[in-house]
Amino acid sequence: MKVVTGVVGNDIHVVANRLIDLSLQARGFEVFNLGVNTYLEEFFDAVIETGAEVLLISSLNGEAEGWGREVQLLKAKYKKLDDVIMMIGGNLVVGTGNADDIIPRYKGYGFDIVCHQVDLNTGLDSLEVMIKERQLAVGKN
Amino acid sequence: MSQIKNAENGQEKLLIDVGSTYFKLSTNNSIEQHFRDFNKSIIDDLTHKCGQSIERFDKKDIHICSSANGGLSTLIIGVTHSFSLKYATNIAFNSGINIIDTVLFQNIETYSVPSDLIDVVIITGGINSNADNFSDDLFRYLEKLNYSNIVYVGSESDAPIIKDNINDVVVLPNIIDDRLHIVEDDLKEYLTNLYQQDIEGKEDIKDLYDITDNQIFSTPYVVNKALPFIGSKYSVVNPFVLLDIGGATTDIHYSKDLVDENIVTENEYDRLVFKKLGVYKSKQSLIFVAKNNEFVYELLMHLKVTENIFEEQSEKATKILMQLAIFLVLCKISHYKKAYVNLKLLSVNSFVLTGGITKVLTVEEIEDIISFFYKKIMNSDHNPATVLDSNYDIWTLGAKGKAACQ
Numbered sequence: 216m217k218v219v220t221g222v223v224g225n226d227i228h229v230v231a232n233r234l235i236d237l238s239l240q241a242r243g244f245e246v247f248n249l250g251v252n253t254y255l256e257e258f259f260d261a262v263i264e265t266g267a268e269v270l271l272i273s274s275l276n277g278e279a280e281g282w283g284r285e286v287q288l289l290k291a292k293y294k295k296l297d298d299v300i301m302m303i304g305g306n307l308v309v310g311t312g313n314a315d316d317i318i319p320r321y322k323g324y325g326f327d328i329v330c331h332q333v334d335l336n337t338g339l340d341s342l343e344v345m346i347k348e349r350q351l352a353v354g355k356n
Numbered sequence: 008m009s010q011i012k013n014a015e016n017g018q019e020k021l022l023i024d025v026g027s028t029y030f031k032l033s034t035n036n037s038i039e040q041h042f043r044d045f046n047k048s049i050i051d052d053l054t055h056k057c058g059q060s061i062e063r064f065d066k067k068d069i070h071i072c073s074s075a076n077g078g079l080s081t082l083i084i085g086v087t088h089s090f091s092l093k094y095a096t097n098i099a100f101n102s103g104i105n106i107i108d109t110v111l112f113q114n115i116e117t118y119s120v121p122s123d124l125i126d127v128v129i130i131t132g133g134i135n136s137n138a139d140n141f142s143d144d145l146f147r148y149l150e151k152l153n154y155s156n157i158v159y160v161g162s163e164s165d166a167p168i169i170k171d172n173i174n175d176v177v178v179l180p181n182i183i184d185d186r187l188h189i190v191e192d193d194l195k196e197y198l199t200n201l202y203q204q205d206i207e208g209k210e211d212i213k214d215l216y217d218i219t220d221n222q223i224f225s226t227p228y229v230v231n232k233a234l235p236f237i238g239s240k241y242s243v244v245n246p247f248v249l250l251d252i253g254g255a256t257t258d259i260h261y262s263k264d265l266v267d268e269n270i271v272t273e274n275e276y277d278r279l280v281f282k283k284l285g286v287y288k289s290k291q292s293l294i295f296v297a298k299n300n301e302f303v304y305e306l307l308m309h310l311k312v313t314e315n316i317f318e319e320q321s322e323k324a325t326k327i328l329m330q331l332a333i334f335l336v337l338c339k340i341s342h343y344k345k346a347y348v349n350l351k352l353l354s355v356n357s358f359v360l361t362g363g364i365t366k367v368l369t370v371e372e373i374e375d376i377i378s379f380f381y382k383k384i385m386n387s388d389h390n391p392a393t394v395l396d397s398n399y400d401i402w403t404l405g406a407k408g409k410a411a412c413q
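Keeping their order, the protein sequence lines are chains E and C.
Under this note's numbering, think of the first position of the first sequence as 216, with each following residue one higher.
Under this note's numbering, think of the first position of the second sequence as 8, with each following residue one higher.
Just chain E, same shape as in the assembly:
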């Protein structure tokens, strides 16, 4: 399964980005890593060019908050993104915040899986659970 990943906005946390890349590969995903300082449009465009089923955006410095608000608007311009699993993880606010507030807010932005200050493996486990659920749902239909 193909995953496009990278760090959104003006964020250069390359170590975390590399760890995500390696962890995804270890789980058998085909990874397209756009690296740091990636714009939202590049993420969506990479999904179109690769035919990826998952988009995993990471953010560590709170940039995601600003970019997150743009997701719905930009995604609406694309015609082939409806079935893509949208995941975001890292430190999703500037400073500290309550996950109970943050997760619904990001889901409202259009993300299916939101991992705020969650261990990487736990986050990827939840991704695999959602993939299985979707596969089952497709099988039933």
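Be careful, since some hints might not be right.
Simulated coverage check for chain C against chain E, where a stretch passes if three residues somewhere in it have a Cβ under 8 Å from a Cβ of chain E [said to hold, decoys possible]:
1. 88 to 94
2. 132 to 138
3. 180 to 189
With a straight-line Cα cutoff of 25 Å, these simulated SDA-like cross-link-like pairs (lysine to any residue) come out [claimed, not checked]:
4. E:K295 - C:N114
5. C:K326 - C:N299
6. E:K292 - C:K263
7. E:K294 - C:R186
8. C:K323 - C:S397
9. C:K213 - C:N114
10. C:K263 - E:V229
11. C:K351 - E:V251
12. E:K295 - C:N172
13. E:K294 - E:E268
14. C:K67 - C:H41
15. C:K298 - C:D267
16. E:K294 - C:I115
17. E:K217 - E:V353
18. C:K382 - C:K213
19. E:K294 - C:I169
20. C:K56 - C:K288
21. E:K294 - C:L149
22. C:K240 - C:K263
23. C:K351 - C:N300
24. E:K290 - C:S136
25. E:K292 - C:V348
26. C:K351 - E:H228
27. C:K263 - E:Y254
28. E:K295 - C:D184
29. C:K344 - C:K323
30. E:K290 - C:V348
31. E:K295 - C:D139
32. E:K294 - C:E150
33. E:K295 - C:T117
34. E:K294 - E:N276
35. E:K294 - E:M345
36. E:K292 - C:D144
So the derived label-pair ranges between C-beta atoms look like this [to be verified]:
37. C:H188 - E:M345: 37 to 43 Å
38. E:N313 - C:N172: 17 to 23 Å
39. E:N225 - C:G208: 44 to 50 Å
Treat the hints as calculated values from the structure; they're not laboratory data.
C-beta atoms are modelled at their ideal positions from N, C-alpha and C, and glycine is treated no differently.
Once you've looked at the hints, dock chain C against the given chain E.
Same frame as chain E, but now just chain C:
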């Protein structure tokens, strides 16, 4: 006029550049520039004005480059702006193509079909493992389009359906590899060859083979080849931007360090073109663009003129037009305007200006405009060095390099 000794083989060489407005002849010690007479064919005009110089050289020692054929018109159909369309545009510009229009495939039904004949259509999209990037909408659009050549450089998985549905399509390797990186060579070679055939096919240019045995190259290609060696002629500090404001178009060559790009290639310098932005053939469209720029009236005030200058035919009016052209080009490559690429202009160390502009404006007049641009658009006192290539040394450098290779 003295003749040059070619460093490589001791033979004398004459270098000629045929532009849309001027032609230039270069030998070892001198360079001549002539305004073209549009009532004559290029060859007649050239032999009339420079016949004596040309006669002194054997056909094998005359090397010509030209941008006077206008370049190829190109329509690129791709599936995203950030990858397929951007990569194909980059390759096309670097192959000497001037006129590029793009169509985002997912919205293809919203694009009007150009009525003019298109020299080459490029279709691209998807990595090789990704199929079904296109649908019948593509074939319906192409049926309405009038084109001479068509090339497919997208996903291998879609190649069979493309071949089955498009007559005479040339299928080349994908320009996007499996890591989403650009692969330039095959499309670049194809476009360069098409450009060559176009030059050879245009009557006006074809005639020039009467005076040379050598291949006629496109001028931007020759200039681009010279850029890595520019330091041998001028104290230019990287990263730099070279502006070639011509009669019909404006060519920009820039250090790759000036773009935050997902395009990773071995080229040190990329090229882009603003069509219809020139000071002679494209003068009216330049004025149109100027009138639509919110800062231009402030700039005119800064230059102590009014917009009536646009109606004048004088040396002063030409100077103002050229100063405007510099300002508008800088706007187009800055973040002030969303373009195919935006350059990091606060990182530029030198601006190099070449072409006819160097005969009209002084370094001070150019620096005045650049400084105005940085203050108004970039809110900065950044002050890059300005270098004037008044003797066409950059073109000569590239042309000599090309001549030495032949």
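query: Keeping to a limit of 25 Å between CA atoms, is the pair of K67 of chain C and H41 of chain C held or broken?
result: 23 Å, holds
query: If you draw a straight line from the CA of K295 of chain E to the CA of N114 of chain C, is it 25 Å or shorter?
result: Within the cut-off at roughly 12 Å; holds.
message: Please verify whether K294 of chain E and L149 of chain C have alpha carbons no more than 25 Å apart.
response: 21 Å, holds
query: Keeping to a limit of 25 Å between CA atoms, is the pair of K294 of chain E and I115 of chain C held or broken?
result: Between K294 of chain E and I115 of chain C the Cα gap is close to 12 Å, so the pair holds against 25 Å.
message: Need the status of pair K295 of chain E, D139 of chain C: alpha-carbon distance at most 25 Å?
response: Status holds; Cα separation ~11 Å.
- prompt: Is it true that the CA of K351 of chain C sits at most 25 Å from the CA of V251 of chain E?
  reply: This hinted pair holds, its Cα atoms lying about 18 Å apart.
task: For the pair we were handed, K294 of chain E and E150 of chain C, check the Cα-Cα distance against 25 Å.
output: 23 Å, holds
query: Between K294 of chain E and E268 of chain E, is the straight-line Cα distance small enough, at 25 Å or below?
result: 14 Å, holds
query: Within 25 Å, alpha carbon to alpha carbon, are K295 of chain E and N172 of chain C?
result: Roughly 23 Å between the alpha carbons, so the hint for K295 of chain E and N172 of chain C holds.
- request: Verify the proposed pairing of K295 of chain E with D184 of chain C, using a straight-line Cα cut of 25 Å.
  value: Roughly 21 Å between the alpha carbons, so the hint for K295 of chain E and D184 of chain C holds.
field: Proposed proximity, T117 of chain C with K295 of chain E (alpha carbon, max 25 Å)
entry: 17 Å, holds
- prompt: Are there three or more residues in the segment 88 to 94 of chain C whose C-beta lies closer than 8 Å to some C-beta of chain E?
  reply: holds (count 4)
In this structure, the hints that do not hold are numbers 6, 9, 15, 18, 29, 34, 37 and 38, in rising order.
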